[in-house]
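S.K.: Here the structure of chain A is known, so what remains is to put chain B in place on it, guided by the hints.
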Amino acid sequence: MTDANPSSQPNSLETIDPLPLSSVTDLATAIHSNVTQVIVGHEAEVEHVVTALLARGHILLDDVPGVGKTMLARSIARSIDCSFQRVQFTPDLLPSDITGVNVFNQKTREFEFQSGPVFANIVLGDEINRAPPKTQSALLEAMEEQQVTVDGETRPLPDPFVVIATQNAIEPNRTYDLPFAEVDRFMKKLSLGYPTPAEESEMLGRTVGHHPIERLESVTDLESVIRAREAVANIAVEPPVRTYASNLAHYTREHAKIGASPRGSIALLRAAQARAALDNREYVIPDDIQHEAPHVLSHRIKTSSSRDDDGGTVVADALERVRVP
Amino acid sequence: MSTQTRTGRSNPVSLALESPLEWASTISVFRWLAYSGLGVLTVSYLAVLQEITITVGGTRSLSVLVIAMFVGAVVFAHTIHPRTALAVALGAGALGFWYYFEVTGYGIGVIFSEFDTLISDTVTLATGMSIQQMAEAGTWTLGFAPAPVFLSWYLAVRRRYALAVVPGGAALLFLVLTTDATIGVTLVGVVGGIATVGFGELDRRDGSIAQADVLAILFAVIVFLSMTVTLVPGGAASPTVLVDDDADTLDGTIDSNPDETGISGSVDLSPEVHFTVVSDEPSYWRTAVYDRYTGDSWLRTGPEGEYDEGVLEAPPGQTQTMNQTITIESQQNVLPTAAQPTAIGGDITADLEVTDHGQPMPEGTLIEGDTYNVESAVLDADPAELNDAGTDYGEDVEEYYLQTPEDMSGAFEDRTAEIVEEAGAETPYEKAAAIEQYFNAEYDYSLEVDRPDGNVANDFLLEMDEGYCVYFATAMTQMLRAEEVPARYVTGYTSGQQVDDHEHVVRGLDAHAWVEVYFPDHGWVAFEPTPSSERDDTHDDRLEEAREDGEDGIDTEESEDVPVDGEDEDAPDFLEEEDPDALLDGPHNESDPDLEDNESTDNETQAGEEHAGQEGLLEGENDTDGSEGEVDDSELETDDEGLSLPVSPGDLLVGTALFLGLAAGAHRSGVTGLVGREARLYWQGFDTDPDTDTQRAYERLEHLLARQYRSRRRGESPRQYLESISKYGSVDPRVRRVTALYEQATYGGGLDRDEADEAVSLVTGLARERVPLLGRFWR
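Chains A and B are the protein sequences, given in the same order.
Residues in the first sequence are numbered from 33 upward in steps of one, following this note's numbering.
Residues in the second sequence are numbered from 16 upward in steps of one, following this note's numbering.
The following block holds chain A by itself, in its conformation from the complex (with noise of 0.2 Å):
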């Protein structure tokens, strides 16, 4: 893979300057509450989504319409200066409508590579389970590999490449279950929920002229999220608390049909970085462990029953009962 897309890894680690821990939670805190302009409420989520940015995840929202689950992720999107593309999943939307095409060229007599709305910094997938899963599974190799493959060519994507992706948790007649594969993909999964009565009433006053969202100005660019990103990655963990991460995603194992996958444990701990980089702390404590587990390993557990919640449950559990070190 490196050696057919050299440029797939633009950026080796040498060449990475990594922000300052202060910077990192710094610009974390400027894109928070650059979104909180927007968004009303919800700030445990903002933060949520703000840390699977820079821990390079990528998120899933789901919750019924009308929540601001767009709005979230636009409002991201325009905090950073970057690149940014929305898909509207429809039941007849095709993979290549994502990925791009190869077109024609009547002048050039060439095929010309038309790319798809994936190419972009973020990318929001609205309502992506109404979509068959066919055209789901185009964003699998995005998502994880940072590239896409049209046509035997394999693309890379640009850096950072994040997906925020909404589903609709109603109508379950009209909607396609998201692949258990592709659900793994998504660092977290968070559901925002029905603001208050108070916060509703804050968030009519923000938008009966403007919507916000229109006056929201970018707080950072496309280099500091990478330097950030790097300085993230860099955050320590120990053994005690690579430990105590396995023992969590063990318990889950033990007590789930299917439980936390090893690629759901590496996301704990790289959400946990985040968590970490937001305290402007250097190393993880079990702490952030605790604080992301819910959001990061529920959805990747599957228990006998079919209840939604039953991988919360199971996650809670975990939390109660391995021992914190």
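FYI, nobody ran anything at the bench for these hints, they're computed from the structure.
Please read all numbers here as calculations on a predicted model, not as lab measurements.
Think of the CB as a built atom: it goes at the ideal place given N, C-alpha and C, for glycine as much as any other residue.
Hints may be right or wrong, so weigh each one.
Said to hold, decoys possible - Coverage of chain A stretches by chain B, computed from C-beta distances (three or more under 8 Å per stretch; other residues unrestricted):
| id | region |
| --- | --- |
| 1 | 268-281 |
| 2 | 315-326 |
What the hints assert, rightly or not - Derived pair list, reagent style SDA-like, types lysine to any residue, alpha-carbon separation capped at 25 Å:
| id | chain 1 | residue 1 | chain 2 | residue 2 |
| --- | --- | --- | --- | --- |
| 3 | B | LYS742 | A | PRO357 |
| 4 | B | LYS742 | A | ARG353 |
| 5 | B | LYS742 | A | ASP311 |
M.R.: Just chain B now, kept in the frame of chain A:
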């Protein structure tokens, strides 16, 4: 092939036959432990049997038989069917008992002809009669041992552990019921049996060693219970075998149990009056006769019968009739009479039994005020006649009265032969006189004796130079037997303090043991190996002391005014007048006169002194001998003394079992952990690396906080914990600091030495401030 098929069918867990080594390497630790347990159980009952065979002979044949049975069981365990095994075991047992009946002369037909008697004998055994008292006990063990040994090991090798314990346990139980198995042995056997079942179950179920602590607790409970509770019939004496330092009284030692008498270490003298005698002449008052020597105790074998007129036979030799009237002054289990009693008169005759040796004894207890008349046939033979008596003893006498334990050393026989040879003794009578003389001349009298560990007679002759009557009589009896002279050990009282012309007061301190030697055509003749004058002095002193102390029950109305020494004054006269007769009458009604004469001739004047001593002794003994009959228990106690040495293997085993059990119990209940934590709370221990020290310091902090608030939950991080307890009130800033240092050490890549030391000293300070009472000094 057919073997394997059969094996497979009969027992699914059995292994195919492989080489023994291969097989041994495949079995688990637990199986070895289970085998060890069964080994202990097996050894426990075999040890009891061996104790019997050591006394009566037959150890070698028993060992060979047991080993053969064991090897057979192990080798054929997987090749023969359980029913076949049962048949083999029962067959071997039946063969052994058949041999036993042949040897005892009953013949196998006795099973059919006297089935009732056999059953009743078995019941007698199972209700407390010692196997050692049986005829041909050694042969009996050959019938008894094979079945349990074979069956238990057969089953154990087939991994049927619980069943395997049953035959061994049954064997042990039977020996417990016969009182042959002491509490110590029983305990060891029971622990072995439990180990077998416990470890066996662990083996069968692939248990872990952690589960074995339950077993250890069980052991400890059993050991503890067995030390505090006894269910052994007849063993009501002393459930505690561990500590038994109290010296017995002489009378208690000698006369506690008419079936068996032990040999103690140091004894005290009881001045209590036991009975008074109105008699024509003074005599030794015999209460019991023993024929079988075990090395540390004497047993009476043979059956006892009801007393009827004419049951008591006079000795075959020439006798004089002597009448006594005896009045019991304190409770007795024995019936003192002058030897050889031929008729008993009085109310008590209704409840009399007569032993095989012609010694009457009460079925129950004689109480104060009981009075009876005795007519005794006192042997009247002169030494010359005894000297010519010959050695035609007859089979019965030789069978019973020449027995010696197997552990009697060759040195004992050599020394005996030497003594006899030095005296130039050739006939049985001369030999007896020589030995008697030897002890009188060479040994001192002392009640302060360290009881030898091994064979008492052996050690007394070869290693000791002082002792009391029990030792002298035991040694002399065995020496005579070593010289092929039938002898027996008898106990009773010396004549007592003479308070009137014909009246004697007999006290506990008059208790005595002496020797009777058999002479064909005459009967049993008494000999006195104990140095008499020293004995008198000792016993007189005791009575004087008791009188000075004003002890109760030491005098009758008649004896009150008679000074202790008064007898001595009388004694010489008495001696002068009828020295020979007195002596004869004293120790041995039957033949003493002859003996005395013989001695005086052989030993010149010494015999005379002896006699004098004896008479003095008799009278003095009244004053100071121990009380007989009071203590039936003392035998058991003395038997137990073998186990009550400072640290015996039994003690060690019991101690180890207790210790392990307590340790396991403590472990299981978390006591050790608690103590350890408590200690660590106030003392950090030695420095290791900074991170470990900090972590340890934090653990201590957590225990401190747990005591004050609550312990940290499993899923709770240190930070959350701190947050949570801070809701109870303000938390000491040092606690926050230590928590932060701990986080840094554990999650943050480590601390340097100074920071670690800071954490440790903070926690130590916090801990010591919280010590109750003393804590304030630390602030």
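S.K.: Now look at each hint and say whether the structure bears it out.
M.R.: Evaluated hints:
1. 268-281: holds (count 4)
2. 315-326: With 6 residues close enough to chain B, the hint holds.
3. B:LYS742 with A:PRO357: Holds. B:LYS742 to A:PRO357 sits at ~23 Å (cutoff 25 Å).
4. B:LYS742 with A:ARG353: The given pair, whose Cα atoms are some 23 Å apart, holds under the 25 Å limit.
5. B:LYS742 with A:ASP311: The hint holds at about 23 Å.
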